[in-house]
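> Make the full structure from the sequences, and use the hints.
The lines below spell out each chain.
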Amino acid sequence: MSVEVLSRIQFAFTVSFHYIYPPLSIGLGLIMVIMEGQYLRTKLKVYESMARFYTKIFALIFGIGVATGIVMEFEFGTNWATYSRYVGDVFGSALAAEGIFAFALESGFLGVLLFGWNRVGPKVHFFSTVMVLLGSMFSAIWIVVANSWQQTPAGYHIVGEGMNARAEITDFWTMVFNPSAIDRVIHVWIGSFLAGSFLVLSISAWYLLKKKHTDFAQHSFKIALVVAAVASLSQLFAGHRSAEIVAKYQPAKLAAMEGHFDSLAAADLYLFGWVDKKTQEVSGLKIPNGLSYLLYQNTTTPVRGLNSFPEKDRPSMVNFVFQTYHLMVAIGMFLIFWSWLLIFLWWKRKLFQYRWVLLLSMWAVFLPQIANQVGWYAAETGRQPWVVYNHLRTSDALSKTVTANQVLFSLILFTLVYALLFVLFIYMLNKKIKHGPDTHDPDIQHSPQQQSMATLLE
Amino acid sequence: METFLGIDYPTWWFLVLGAVFTGYAILDGFDLGAGALHLFFKQEKSRRIALNAIGPVWDGNEVWLVIGGGALFAGFPKVYASLLSALYVPIMLFLLMLIFRAISIEFRSKEPMAWWRKTWDISYSISSTLLALMLGLVVGNVLLGIPLDENGNYIGDWLDLLNPYALMVGLTTFALFMMHGAIYLVMKTEDKLYAKLTKLVQRTTIFFVICIILLSFYTLLYVPHLTESIKSDPWLFPVPVLMILSIANITRQITKKNYLWAFLSSSVTMSMLLIIVFLELYPTILLSTVDPAYSLTVYNASSSIKTLKIMLMVAAIGVPLVAAYTSFVFWTFKGKVKLDEMSY
Chain A
1 MSVEVLSRIQ
11 FAFTVSFHYI
21 YPPLSIGLGL
31 IMVIMEGQYL
41 RTKLKVYESM
51 ARFYTKIFAL
61 IFGIGVATGI
71 VMEFEFGTNW
81 ATYSRYVGDV
91 FGSALAAEGI
101 FAFALESGFL
111 GVLLFGWNRV
121 GPKVHFFSTV
131 MVLLGSMFSA
141 IWIVVANSWQ
151 QTPAGYHIVG
161 EGMNARAEIT
171 DFWTMVFNPS
181 AIDRVIHVWI
191 GSFLAGSFLV
201 LSISAWYLLK
211 KKHTDFAQHS
221 FKIALVVAAV
231 ASLSQLFAGH
241 RSAEIVAKYQ
251 PAKLAAMEGH
261 FDSLAAADLY
271 LFGWVDKKTQ
281 EVSGLKIPNG
291 LSYLLYQNTT
301 TPVRGLNSFP
311 EKDRPSMVNF
321 VFQTYHLMVA
331 IGMFLIFWSW
341 LLIFLWWKRK
351 LFQYRWVLLL
361 SMWAVFLPQI
371 ANQVGWYAAE
381 TGRQPWVVYN
391 HLRTSDALSK
401 TVTANQVLFS
411 LILFTLVYAL
421 LFVLFIYMLN
431 KKIKHGPDTH
441 DPDIQHSPQQ
451 QSMATLLE
Chain B
1001 METFLGIDYP
1011 TWWFLVLGAV
1021 FTGYAILDGF
1031 DLGAGALHLF
1041 FKQEKSRRIA
1051 LNAIGPVWDG
1061 NEVWLVIGGG
1071 ALFAGFPKVY
1081 ASLLSALYVP
1091 IMLFLLMLIF
1101 RAISIEFRSK
1111 EPMAWWRKTW
1121 DISYSISSTL
1131 LALMLGLVVG
1141 NVLLGIPLDE
1151 NGNYIGDWLD
1161 LLNPYALMVG
1171 LTTFALFMMH
1181 GAIYLVMKTE
1191 DKLYAKLTKL
1201 VQRTTIFFVI
1211 CIILLSFYTL
1221 LYVPHLTESI
1231 KSDPWLFPVP
1241 VLMILSIANI
1251 TRQITKKNYL
1261 WAFLSSSVTM
1271 SMLLIIVFLE
1281 LYPTILLSTV
1291 DPAYSLTVYN
1301 ASSSIKTLKI
1311 MLMVAAIGVP
1321 LVAAYTSFVF
1331 WTFKGKVKLD
1341 EMSY
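If you're matching them up, the sequences are chains A and B in order.
Number 317 in the numbering used here belongs to position 317 of the first sequence; there are no gaps in the numbering.
Basically the numbering used here = 1-based index in the second sequence + 1000.
Do not take every clue at face value.
[Claimed, not checked] Derived DMTMM-like pairs (lysine to aspartate or glutamate); straight-line CA-CA distance at most 25 Å:
| hint | chain 1 | residue 1 | chain 2 | residue 2 |
| --- | --- | --- | --- | --- |
| 1 | B | LYS1256 | B | ASP1191 |
| 2 | A | LYS123 | B | GLU1341 |
| 3 | A | LYS432 | A | ASP396 |
| 4 | B | LYS1306 | A | ASP262 |
[Stated by the list, open to error] Among the chain A residues that face chain B by a calculated CB cut under 8 Å, a handful are:
| hint | residue |
| --- | --- |
| 5 | VAL71 |
| 6 | PHE74 |
| 7 | ALA81 |
| 8 | GLY88 |
| 9 | LEU95 |
| 10 | PHE101 |
| 11 | LEU110 |
| 12 | GLU161 |
| 13 | THR401 |
| 14 | ALA404 |
| 15 | ASN405 |
| 16 | LEU408 |
| 17 | ALA419 |
| 18 | LEU424 |
| 19 | ILE426 |
[Claimed, not checked] Away from chain A, derived, C-beta distances all over 12 Å, residues of chain B:
| hint | residue |
| --- | --- |
| 20 | GLU1002 |
| 21 | PHE1040 |
| 22 | ALA1074 |
| 23 | VAL1142 |
| 24 | ASN1163 |
| 25 | PRO1164 |
| 26 | LEU1171 |
| 27 | VAL1268 |
| 28 | VAL1314 |
Treat the hints as calculated values from the structure; they're not laboratory data.
Quick reminder that beta carbons are idealized off the backbone N, C-alpha and C, glycines included.
Written out as structure tokens, the structure is:
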């Protein structure tokens, strides 16, 4: 295989693996802030044990997220040196800002969050939890801004030619608030809230099925459900906004997502289907002219199709973009249905009555994860052949000195180490969940007031 | 060229980079050093205390590497691209060692089995050792220069990176981190472990002194281009003098058992060493051994002046914030290590 293919596989593999963890950190971070906030407000012991329990889960997720994240930061330079020279002025700035504003905040306060329970007061601890959440959310801002700039470049100009061409910032804030940035940040945040809340739903459902830690699990389930319900519904709007931006600024990507070839016709909206690139036909269930209506509120407005782009400027994996995008949308719809069904059951006071509901809630943890992954696949394969949209091709972005053997070597190493890492992660997660919250721990010191509150409730 | 306080912007960013990497060396230096020493502690409780001494802070320390990487990417993208692609194999191994180290710390105490803990102890110690050596190896190669063509692409073999000078810098870095880590640990421990560490502090200090003397001779005798800046400007002579005095002060404070002062002195030693590195490099960052004209300097490799100005603003806002909460975290966990239910 060529250096390009290997480097793309390596980048895709390392970033996909990495992206299991940060959304969980952000989502779980939000839920921990709510739990600890509830504890501060009500002083109920159940909220304290929730906060402590999920902090342990968070530590595990965060640790692997950091370890795999540092790889990403250096991979631009190792495998994509030409790209790095081209975008350093812009992309590097966003990355440096991420390090100093977000990552430092997150990692600094993480120490207090994990180990500071007995060293700082509850309010300072809560403050630290909030800072860790903010840090992880800021992190997402800068990374998504950097990625969005590649999708919809703005606030820059190109200096030099050929090998020496590079983008330079002309207006920092225009660069930061490039056309797709805000909508994509929100889209990513909400995706993260879904990942975190469905993890808590899953763990709680498992306890309820096993009839362990029932009170703890019911309280956690409800907190996570509120987050999940709000997030899933908001994602409908955030996702739609993102799609509109794609339609406006990356029409070739949108055409691939929807399997739309004909340039002059109004476009259909497929609920599902299969794209044949050769015959340019999509077989599946469609809403005639639905895409035109969704984008322009008019069933006759034509949508630019793939055929209006030169062959070399189109994404090559049309069916892949189509399938990943549709899978994301389908999962998104299901998550709305599921979380609002749970809300309905809660309202009917039947939330914890049905075994199948708990069973499905337990397994649903994989859905937001899959949606987050395939959503990025669609976004990143859909913008090919460009790495910086309309400016730099992925095939031109490589390191000139790195050989295929070197990349193969590192790819094999990453595969082995990440496989080990994943096995350990699942093993540890499982162990922590089975261990459950610490119900009684003589080492934990409580203030006299908390102590009496606790005994009153028991 | 536009200046600020008499210094042009690429040079300012070079200074920022110097400050960030110095911060990184001082902070991550002690936890990498503590890791390298880990297998010297034989008892289970000693190992746990040593691990928890760095527990709440190692992650924050590593952030300085992330900031440094970002700062290099943003300010000198050509250096970032050339250096990382040239050092492809060592960088990949470095990243994998970072992963191993992180998971060793994370997973070690999660299972009670002796084999489990022993495996992670070894993995933790070896990865810490290799990381220290590899950091030195990178610095050594940057000091010596690497074969770059006119486009900044590396044209050597990666095995050339394992040259004697770079290995000597690697060994010295390793020795320096071990000493720094031992001094840090001795401040955080009590009783028998403390007694053991007081001996380790002495031995690692002797080891470092031997390494630094050898490295100094090596540089002075065989790598003349690394002595030119200080040679040509006597006003810079106090820097190496201060380095020697701070090393002398480490031994003095150790004898007096003033370990906080010893730690500060060893931090000063690190700063002086890195100041010498940055002084001797400037204005070159990455020297091409093929043709000096192909070298990447602060002027031909930097981002636009506008971007550097923006990044200086970012640094001016960000660095004090980072310093503030880093201090807060260190203050929160000051004093001797006590194990509790959340410990590693």
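> If a hint holds in the structure, say so; if it doesn't, say that too.
Results for each hint:
1. LYS1256(B) x ASP1191(B): Holds, at roughly 18 Å.
2. LYS123(A) x GLU1341(B): holds (20 Å)
3. LYS432(A) x ASP396(A): violated (46 Å)
4. LYS1306(B) x ASP262(A): Roughly 44 Å between the alpha carbons, so the hint for LYS1306(B) and ASP262(A) is violated.
5. VAL71: Holds: closest Cβ of chain B sits about 5 Å from VAL71(A), inside 8 Å.
6. PHE74: holds (6 Å)
7. ALA81: holds (4 Å)
8. GLY88: Hint holds; GLY88(A) Cβ to chain B Cβ min 2 Å, cut 8 Å.
9. LEU95: Constraint on LEU95(A) satisfied, holds at 4 Å.
10. PHE101: holds (6 Å)
11. LEU110: holds (6 Å)
12. GLU161: violated (13 Å)
13. THR401: holds (4 Å)
14. ALA404: Violated, because the Cβ-Cβ distance from ALA404(A) to chain B comes to roughly 12 Å (cut-off 8 Å).
15. ASN405: Cβ of ASN405(A) sits 10 Å from chain B, so the hint is violated.
16. LEU408: violated (11 Å)
17. ALA419: violated (12 Å)
18. LEU424: holds (6 Å)
19. ILE426: For ILE426(A), the interface hint is violated, since the closest Cβ of chain B sits about 13 Å away, which is over 8 Å.
20. GLU1002: Its Cβ never comes within 12 Å of chain A, the nearest being 15 Å, so this holds.
21. PHE1040: holds (24 Å)
22. ALA1074: ALA1074(B) is in fact no farther than 12 Å from some Cβ atom of chain A, at 4 Å.
23. VAL1142: holds (14 Å)
24. ASN1163: holds (18 Å)
25. PRO1164: PRO1164(B) is indeed farther than 12 Å from all Cβ atoms of chain A, at 23 Å.
26. LEU1171: Answer for LEU1171(B): holds, closest chain A Cβ roughly 24 Å.
27. VAL1268: Non-interface label on VAL1268(B) holds, nearest chain A Cβ at 23 Å vs cutoff 12 Å.
28. VAL1314: violated (5 Å)
Consistency with the previously given hints fails for numbers 3, 4, 12, 14, 15, 16, 17, 19, 22, 28, ordered from lowest to highest.
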